[in-house]
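Residue numbers (my numbering), protein chains in the order written: chain A, 128 to 306; chain B, 128 to 306; chain C, 43 to 343; chain D, 43 to 343; chain E, 591 to 678; chain F, 591 to 678; chain G, 167 to 559; chain H, 167 to 559.
Hints were generated in silico from the structure; no laboratory data involved.
Computed from a predicted model, the values in this text were never measured in an experiment.
There may be inaccurate statements among the hints.
To be verified - 27 Å max Cα-Cα, derived DSS-like pairs, lysine-lysine: (1) B/K129 - G/K390; (2) B/K129 - G/K412; (3) E/K672 - E/K645; (4) E/K646 - C/K53; (5) C/K203 - B/K284.
As the list claims (entries may be wrong) - Covered, in the sense of this in silico footprint (three residues per stretch, anywhere, with C-beta under 8 Å from a C-beta of chain H), are these stretches of chain A: (6) 139-149; (7) 189-203.
Beta carbons are placed, not taken as given, at the ideal position from N, Cα and C, and that holds for glycine.
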Amino acid sequence: MKEIRLHGRGGQGVVKASQLVVKAVVAGNYYGQFIPFFGVERKGSPVFGYLRISGHEIRRKMQVYDPDILVIMDDSLITMPETYDGLKQGGSIIINTTKSLEELNVPEQTGSVAAVDATGISEKLFGKNIPNTAVLGAFAKVSGLVDKDLLFDEIEKTFGAKNREAANIAYDQVKLIKE
Amino acid sequence: MKEIRLHGRGGQGVVKASQLVVKAVVAGNYYGQFIPFFGVERKGSPVFGYLRISGHEIRRKMQVYDPDILVIMDDSLITMPETYDGLKQGGSIIINTTKSLEELNVPEQTGSVAAVDATGISEKLFGKNIPNTAVLGAFAKVSGLVDKDLLFDEIEKTFGAKNREAANIAYDQVKLIKE
Amino acid sequence: MSYIDVLREAKDQVTPGMSACQGCGGELILRKALQIAGENTIIGIPPGCMAGAGVVGWNYANGLKIPVHIPLLDNSAAFFSGLSQMYQRKGRKDTNIVVLAGDGATADCGFQSLSAAAERGEKLLYICYDNEGYMNTGYQRSSTTTKGSRTSTTPIGSVVKGKTQQQKYVPLIIAMHNVEFCATASPSNMADFVAKVQKGLAASKNGFAYLHVFSPCPTGWGYAPDQGIEVARRAVKANMFPLWEMDRGEFKLNDENRKPITIAEFVKGIGKFKALSDEDIAAIQAMVDHRFEMLKRLAGK
Amino acid sequence: MSYIDVLREAKDQVTPGMSACQGCGGELILRKALQIAGENTIIGIPPGCMAGAGVVGWNYANGLKIPVHIPLLDNSAAFFSGLSQMYQRKGRKDTNIVVLAGDGATADCGFQSLSAAAERGEKLLYICYDNEGYMNTGYQRSSTTTKGSRTSTTPIGSVVKGKTQQQKYVPLIIAMHNVEFCATASPSNMADFVAKVQKGLAASKNGFAYLHVFSPCPTGWGYAPDQGIEVARRAVKANMFPLWEMDRGEFKLNDENRKPITIAEFVKGIGKFKALSDEDIAAIQAMVDHRFEMLKRLAGK
Amino acid sequence: MERQHVTPIGNDGMYVLDTASWRILRPVMDKSKCVECGMCLAYCPVGAIIGSADKKYTITYDYCKGCGVCAAECPRKAIDMKPEGGEK
Amino acid sequence: MERQHVTPIGNDGMYVLDTASWRILRPVMDKSKCVECGMCLAYCPVGAIIGSADKKYTITYDYCKGCGVCAAECPRKAIDMKPEGGEK
Amino acid sequence: MGTKKVLTGNYAAAEAAALCRPDLVAAYPITPQSSVVEHIAEMVNNGDLDAAMVQVESEHSAMSVVQGAAAGGGRVFTATSAQGLALMFEPYFRMSTLRLPMVMAIATREMTSPETVWSGQQDAISVRDAGWIQVFCESNQEIIDMVIQGYMIAEDQRVMIPVNVCYDGFYSSHLTEGIDLPTQEEVDQFLPPMAPDNHPVLDPNNPFALDPMTAGPLLMKYRKNHLEAMHRALDVIDEVDAKFAKAFGRSYGGAIEEYRCDDADIVLVTIGGMSGTGKDAVDIAREKGIKVGLIKLRFIRPFPAERIAKALSGKKAFCVIDRSVCFGWSQGPMYMETKAALADTDSKFCHFSAIGGLGGADISLQEMLDTIDYLEANKNEPGEKETRWFLKD
Amino acid sequence: MGTKKVLTGNYAAAEAAALCRPDLVAAYPITPQSSVVEHIAEMVNNGDLDAAMVQVESEHSAMSVVQGAAAGGGRVFTATSAQGLALMFEPYFRMSTLRLPMVMAIATREMTSPETVWSGQQDAISVRDAGWIQVFCESNQEIIDMVIQGYMIAEDQRVMIPVNVCYDGFYSSHLTEGIDLPTQEEVDQFLPPMAPDNHPVLDPNNPFALDPMTAGPLLMKYRKNHLEAMHRALDVIDEVDAKFAKAFGRSYGGAIEEYRCDDADIVLVTIGGMSGTGKDAVDIAREKGIKVGLIKLRFIRPFPAERIAKALSGKKAFCVIDRSVCFGWSQGPMYMETKAALADTDSKFCHFSAIGGLGGADISLQEMLDTIDYLEANKNEPGEKETRWFLKD
Ligand SMILES: Cc1ncc(C[n+]2csc(CCOP(=O)(O)OP(=O)(O)O)c2C)c(N)n1
Ligand SMILES: Cc1ncc(C[n+]2csc(CCOP(=O)(O)OP(=O)(O)O)c2C)c(N)n1
Ligand code: SF4
Ligand code: SF4
Ligand code: SF4
Ligand code: SF4
Ligand code: SF4
Ligand code: SF4
Ligand SMILES: [Mg+2]
Ligand SMILES: [Mg+2]
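Excised from the complex, chain A in its bound form (with noise of 0.2 Å):
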């Protein structure tokens, strides 16, 4: 079972990118769990979400705690001493940012960083910041947790064609800044 916690803002569509990935996963024959963590669920404020992936049932109805993977939204969440909090030895960070790795003050414990540009992919497709379909195709290159092909349908299914532009310019465009 792989372990990943999403970051993000109110309005960044961080509960609708992470059921797609259930969807993908389940679709795929696995089993996929997403558990929304709700402070305000107020534009802007912070959101968290726990998502879980595993060739089993996934039973545990609970946060998660070591993460293996952080998808992050919005780097500006990086300031908050919860993000980076609880990342498992060598585990991953996904990160929608064009700043540099050093600038992202990765915690050391970290194994890789892969960056994308993905507010630059929504802001040019969309014309505004809802990064969430760009994240998701980083995602799936980067993870190899759920299949792109799926994933994709999911994407155009719910939001059309043009996200899963995004999501495929994401999946060409992001970068392993540290592996």
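Add chains B, C, D, E, F, G and H with the ligands to chain A, keeping to what the hints say.
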């Protein structure tokens, strides 16, 4: 301890009368208890109540099943089987009536029957049928369970002098039609 | 058919012997309303004098001849919304769904439920018999109780004498709810009452219909049982209880009452008003005048 | 002092950074009302966007500078009745007791509590910010939602399109409650708004005061955040939200609006109205015209 | 299992109070004064006054509570409230 | 025992959200067009516009959410919404 | 010494509440409670009681109005029954969890359906898990004394939990008997005015947010505090009982009362007004040579588990008589909880639940005696026996 | 076989309710339940569900509207949480005691105060003595299956009691996972339409008075019937579970589920979503050689006392983990009731209450593991240990 059941109809003042007895009994340093029994509290509906008088603390909070005394404020109630029900062997009945003993059809086990025309007294004095204080007068005389003066003081305090008069008249007029 | 013909011919749906007091206005309203509604009716009567007087019945002794339920004091309109919806769904839209509730159930404890059912436009006729108090529990104050009235929760004390607020005027409040039909009625004006029950039942097939009926109560108010109709008549004449209706938004005064009697005349001989001060009477008069003026304006007069 | 002077000089009582959306009408209403009420104020904000946006605060992080409590969704008026009574009793009658509640807390879940407090004449100012829906829980329908609106419980489906009922018009309903002061206000008409908050606060020293404020919501309604004041202005101009007040029984139209714009003009560009049919628009127009006519009559015009 | 919470409707098992016994005064109609207007029927709270098809009105005494409303409301004063005697 | 259910008031421990970070567009006032009518102050939902005693109006950016209401409502079009740059 | 008076249970509650000098009373009429409100209204309108009286439109508002007044620093009172208690459940729960002290009288009544207005303890019992302290009274004297003690317990800084003073509808609320009514001076001496800073009071002079959003970990601490305060209340109850005894010469034994238990083999456990009948039954059975005692449950929240276990330890048999049911257990609720209190006992009891007196039905001496006989006959056969229903036919 | 879908717990509840072909749905939005109502509204407005949808102004009316519709012969549904459940308490109590069958989903939430909108089971638990059947679900699949089973249980003539299908707010209501959604045909085959004369229906064609005033002795019989029906429901629950297994290939073990209990020395007792975490903990501890099992309480009304006693018999130690508190017991409510279920057991357990996950707090695997370790370490020391609070700091 003596147990008394009172019968009347909504509007005839069964509850108030019984409370006066308790007051008089307590003023005489005895113990008294009254529990009204409610079906509907509406005018004309049958009303019951349970009165206990004792030299000792009365602890039981329950209905009276085998009354020592029945007080009946309205002789139209005698056709209801409940009215005479459970009277103790040799128990007494105090009833507001002008009927003959025969017409009253009292149960076998009855010891004594005291009759008073409380309705008549009430209608004469007040122009309406509120027989309760007159019945109390008869009760004071016949039962011997409450000090006449204390009871009549309570009547006067609550209902005024005219009602004391009603009680007094009844005290004088009540007749044992069965001994 | 004249209203007398209606009342003579239609069957009484209520037990012949119920325990409402002699001369009870509520009993009159109940019997007449149900005569008009007839057999194809389901009625709800929440806790209150009419339910308490045996109409909803006792286990194994029922006081009505038509289906009846005693909802909670606070949910009549909601419960019967659900029931009405089921009758719409069953395609039995001809069945009358009627609530007959006291002012306590209507204006106080069940007011939110009522307001919401009115807003949703539920298809039912809600009749409030307003005896201005919680009679069934021993005449406590309700929000419709007239200022200065003696009730058992607003007794005439040495410091405070009776109710301190003016009455809440529910019919006009409900009329502001976009309902199909809303009207006041008084048993003293029986032709008008019969017509309004009929209109209300008809309107309830299209939406929410509300009828607010003056319901004199000899026991609580303290007047002789034979005077109930007269008391009601005086209430109408004094504009204490003006008669009007609102049909899909159009207000109409049923009686312009060009020569109203005064509140002082209205309250005479009614026990609950016996401690009214002159200021109380003036205050009620002012409220009544103001309200009538408002009604006239609404009716475009 | 002109209203601008008032707003410029009075201290903001709210946290500078609260999480209401960009351009939220509720935030504007909250800040301005509390600026006017000032420091000697206790405020209740029941569950809803304003409470949810951090104003009532978090444990150990409070969003206001004056004492605040978040009552239940359904008991604001009752809770603050009790509090007001205590302040009367303490002889601190100068303290402003204010409730600021959404339309859900006001017109729906807390309506009975509100109606009863109005009836009792409790000394407080109750302000409803009406964004026509339960925004805090995700924009579900409320009874004040305009007919045809898209909400998350009245979605635009293939069979049913949006809300099926007309809105419940709470201010006029409350005005029928014998209250001291009752008025509508819109943030687009800020001078009027400021004056009414001031009048409402003053009236709350003598009895119940109620202010119903149009509260545009870009997030729920679907319009650009900078358009809120313009939307509110159009609502006033279309008589969708007429401005009036009632002071101890006397109605006054604050703006006779001799050249109203149409509902069709009002709804343009507002997302929640995008599925309105022509019939819907006509129905709203008819309701609005009728209501305005009624208000004019009440104001003696 | 017996059906709960339900009381059948109909004359069988109907709740009927003997309200005639409440009566202290008895309404007596003077047919000669009566103009058959039906007001007494309209206002009797108990429904104790019945009208025949030819609009003759009759007081029935089985449940009449003796409130006196009919007498008070009769425009012709055709109804008198008389103390209840032995008759019924 | 620590007092429960209570959060102190005051700048200490106040709940403050960095709403400036929401801003995508930034209101910029052109003083030369401004007639000091105060409308922007009256309509800013955030209270981000302050007025001095001599009625000069200034936009403060610490919490301005960038909604654009001030720009839309300025009768002189003296406020422009410009994309947020690096400056703050 | 107070004054001898003859009062109903409801008047007793009203008089006692008045003696505690409440700032505000808000209540809504309901049978069998109504005369509590009525009598208070009478005292207020006659100037005998200086309190604000708010005539609300429902019990939901009754509890909300007193909540607001308490949050404004007031000592408050209300009373209700059955449907009214159910209708106020939401603010009722909040009152206790806000830790605002007050006393509310409950003239207990059966819950509808079936439609009823009569006695039964289902109302108070069904809401026992909403955070209030609940005490059940046997006599009108106890009602008076517990209303007065109730304020002292509720307002104790170690407790700060509101108190329900429960008594049987009709069988107590409408029962008239003689009582000793403390004088105002006596009560003033016993019960100090509420300290101004007793709990958080909404006030611009000392501004704060009352009950803002609270995250789980902190909320859990509040709950733990609440449970601990409930537990501490067991001691406070005893203390107050002792203080009261000193001031008024009457005491009740704290959370439970034991009657002739010392040498008993078998025990009746009762609650509320039936306890008096039970004591009479015990005396009668004792005369027949049956070694029976009685435990009267007085406080059921906090549940005096240790004291019950101790009182029953070494006994052979017991029966708990409930005037309510525990849905889903085929038993009475106090019986079920009594069993929970005995988890670690070494005794092997014969035991069973008895249920009686619902919806106004009587609990008679005869039923008590029959139950004692049955206990006596089976006392040496440990294990749970079938639930006994006091049905009349 | 149904269709594979990925749904939140709330959508699962809504989809399942729709499959049961309700005549009427009335509900009021509240976090975390709102998306149940929203999704149903969506289905209705899109013509996918032929049901009346009544947009009420409060939960009190929600329960009242469905009550009226049920009294009109309809199959009805609603859903709520916390404050909403509290507000509807009066008609809620009446629904069960009127014996009108229905299913209501509860996305459980902590009760205010402290002010909260997050998870916790206090809401449903605090009203467990109001006559409803209550089942708690672990997974979204179980939510679907129990809504469907719920109607069958509720409408069974031997039962006729409405059913609460409870699941954890957020931790289930907002949890997304894959489920198998039965098709309409499958559900139609499994669950027949409600028989027209299933319960008393207000109808002029067959007039009667519904729920007239009922005197005590008769009322007591009704209550006894209710308790007996609750007891019978234990069998019906098993039957329906078996039928469901046959139709859909999934079964849950009836009122409780036992997990690796057979040879266990120590047992965790859990309820709701935490059970899955508990099972993971059991597996981990088993690998360390600890003989631990788990009992998942599924139905808590009726309380499966016999089955619990049997499942625990012979064990050495157990801990019941509650996501709510029992005020006045310093313990969790299911722990308290479990003790009551063990009144006549011969075993001497080491046992204690654990309380966690209030107000949105997490119940973590680590806490489960620590609890198992503690049980294991103390299993040979019988008696009640101190309540364990899963506090974070
Ligand atoms: C929630 C609730 N509170 C209180 C009651 C008690 N109660 C029963 S009837 C009634 C008064 C009803 O007054 P109204 O509706 O005016 O009818 P009336 O008795 O005057 O005919 C009250 C308060 C109740 N049944 N339910
Ligand atoms: C009894 C109860 N039911 C439901 C809720 C959930 N709830 C919280 S806020 C809210 C909506 C409030 O709407 P409104 O008052 O209009 O405020 P807005 O969010 O629109 O500002 C609801 C339904 C609640 N808190 N209490
Ligand atoms: S108390 Fe009044 S309303 Fe009630 S039955 Fe008697 S007369 Fe009618
Ligand atoms: S949802 Fe609407 S009302 Fe709520 S904070 Fe956002 S803009 Fe304001
Ligand atoms: S009211 Fe008089 S005149 Fe008219 S029908 Fe009756 S008795 Fe005859
Ligand atoms: S006296 Fe009253 S009850 Fe009798 S007939 Fe006349 S109106 Fe009817
Ligand atoms: S609204 Fe425009 S003109 Fe007026 S003060 Fe502001 S910037 Fe100046
Ligand atoms: S953009 Fe919006 S928040 Fe910023 S100053 Fe202008 S009105 Fe205020
Ligand atoms: Mg009334
Ligand atoms: Mg709103």
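How the hints compare with the structure:
no., hint, in the structure
1, B/K129 - G/K390, "violated (53 Å)"
2, B/K129 - G/K412, "violated (34 Å)"
3, E/K672 - E/K645, "holds (24 Å)"
4, E/K646 - C/K53, "holds (17 Å)"
5, C/K203 - B/K284, "holds (23 Å)"
6, 139-149, "holds (count 3)"
7, 189-203, "holds (count 3)"
Violated hints, in rising order: 1, 2; the structure is consistent with all others.
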